[in-house]
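Numbering (numbering that gives the first Met the number 0) for the first sequence: 0 to 102.
A hint or two may mislead.
[Said to hold, decoys possible] Below, computed lysine-lysine pairings styled on BS3-like, alpha-carbon distance capped at 27 Å:
id : residue 1 : residue 2
1  : K59       : K72
2  : K80       : K51
3  : K15       : K32
4  : K89       : K15
5  : K80       : K32
6  : K45       : K20
7  : K59       : K3
8  : K25       : K47
9  : K25       : K59
10 : K18       : K84
11 : K15       : K3
12 : K45       : K15
13 : K51       : K15
14 : K99       : K45
15 : K84       : K3
[To be verified] Simulated restraints, written as ranges between beta carbons of each label pair:
id : residue 1 : residue 2 : range
16 : S4        : L29       : 13 to 23 Å
17 : N87       : K3        : 32 to 42 Å
18 : K3        : N92       : 16 to 26 Å
19 : K3        : K84       : 30 to 40 Å
20 : R37       : L69       : 15 to 25 Å
21 : G19       : K51       : 13 to 23 Å
Hints listed in this document are in silico derivations from the structure and should not be mistaken for laboratory results.
Keep in mind that this is a model prediction, so the values were computed, not measured.
Ideal Cβ placement from N, Cα and C applies to all residues, glycine included.
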Amino acid sequence: MAKKSFSSKAYSVLKKVPKGKVTTYKEIALALKTKAYRAVGRAMNKNKNAPKIPCHRVVKSNGEVGGYILGTKTKENLLRKEGIKIKNGKVSNFKEVLFKFNH
DNA sequence: CCCTTGACCAAAC
DNA sequence: GGTTTGGCCAAGG
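Produce the complete structure using the sequences and hints provided.
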């Protein structure tokens, strides 16, 4: 499958994140060898591939849940079901569930 | 091609 | 520790 655009690459990397783990927009950008933190999030919002891509496993670098096309509330709910603790809109065990790629 | 916007980030105040 | 500022990259108008 040939990659088409930046967004497609971002999705591919995101799909590598195992269940019960989360990653950050920054980690994805770094995995793509770029610093387009913003472009990663923008791709999600524009393409709204929520049912196709586990974009609910992507949080901000400071541990906040961030945003979600279907609503942050939905995002938190999904994360909790995967064993991730959410507290006051932030991931409690952020570092413990944070998945890093092979940079 | 120029300008704006965005589910961001890190440093500075 | 919350807010402001500048920077970063990509896509749309």
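Consistency of the hints with the structure:
With a C-alpha separation of about 15 Å, the suggested pairing of K59 with K72 holds against the 27 Å cut-off. Restraint check: the Cα-Cα separation between K80 and K51 comes to about 18 Å, which is no more than 27 Å; the hinted pair holds. Straight-line distance between C-alpha atoms of K15 and K32 comes to about 16 Å, which keeps the hinted pair within the 27 Å bound. With a C-alpha separation of about 22 Å, the suggested pairing of K89 with K15 holds against the 27 Å cut-off.
For the suggested pair K80 and K32, the alpha carbons sit about 31 Å apart, so the restraint of at most 27 Å is broken. Annotation: proposed proximity of K45 to K20 holds, straight-line Cα distance about 24 Å (limit 27 Å). Proposed proximity of K59 and K3 is supported: the alpha carbons are some 25 Å apart, at most 27 Å. Taking the CA atoms of K25 and K47, the gap is about 19 Å. The hint holds against a cut of 27 Å.
Restraint check for K25 and K59: satisfied, since their Cα atoms lie roughly 8 Å apart, inside the 27 Å limit. With a C-alpha separation of about 14 Å, the suggested pair K18 and K84 falls inside the 27 Å cut-off, and the hint holds. With a CA separation close to 18 Å, the supplied pair K15 and K3 stays within the 27 Å bound. For the given pair, K45 sits about 21 Å from K15 by alpha-carbon distance, which is consistent with the 27 Å threshold.
With a CA separation close to 13 Å, the supplied pair K51 and K15 stays within the 27 Å bound. For the suggested pair K99 and K45, the alpha carbons sit about 25 Å apart, so the restraint of at most 27 Å is met. Restraint check for K84 and K3: the C-alpha separation of about 35 Å exceeds 27 Å, so the hint is violated. At roughly 18 Å, the beta carbons of S4 and L29 sit within the given window of 13 to 23 Å.
Hint check: N87 to K3, Cβ distance near 38 Å, so the stated range 32 to 42 Å holds. With their beta carbons about 36 Å apart, K3 and N92 fall outside the hinted range of 16 to 26 Å. Checked against the given bound of 30 to 40 Å, the beta carbons of K3 and K84, roughly 36 Å apart, stay inside it. Separation of R37 from L69 is about 20 Å and conforms to the stated range, judged on CB atoms against 15 to 25 Å.
Against the hinted window of 13 to 23 Å, the Cβ-Cβ separation of G19 and K51 comes to about 19 Å, which satisfies the hint.
In this structure, the earlier hints numbered 5, 15 and 18 are contradicted, and the remaining ones agree with it.
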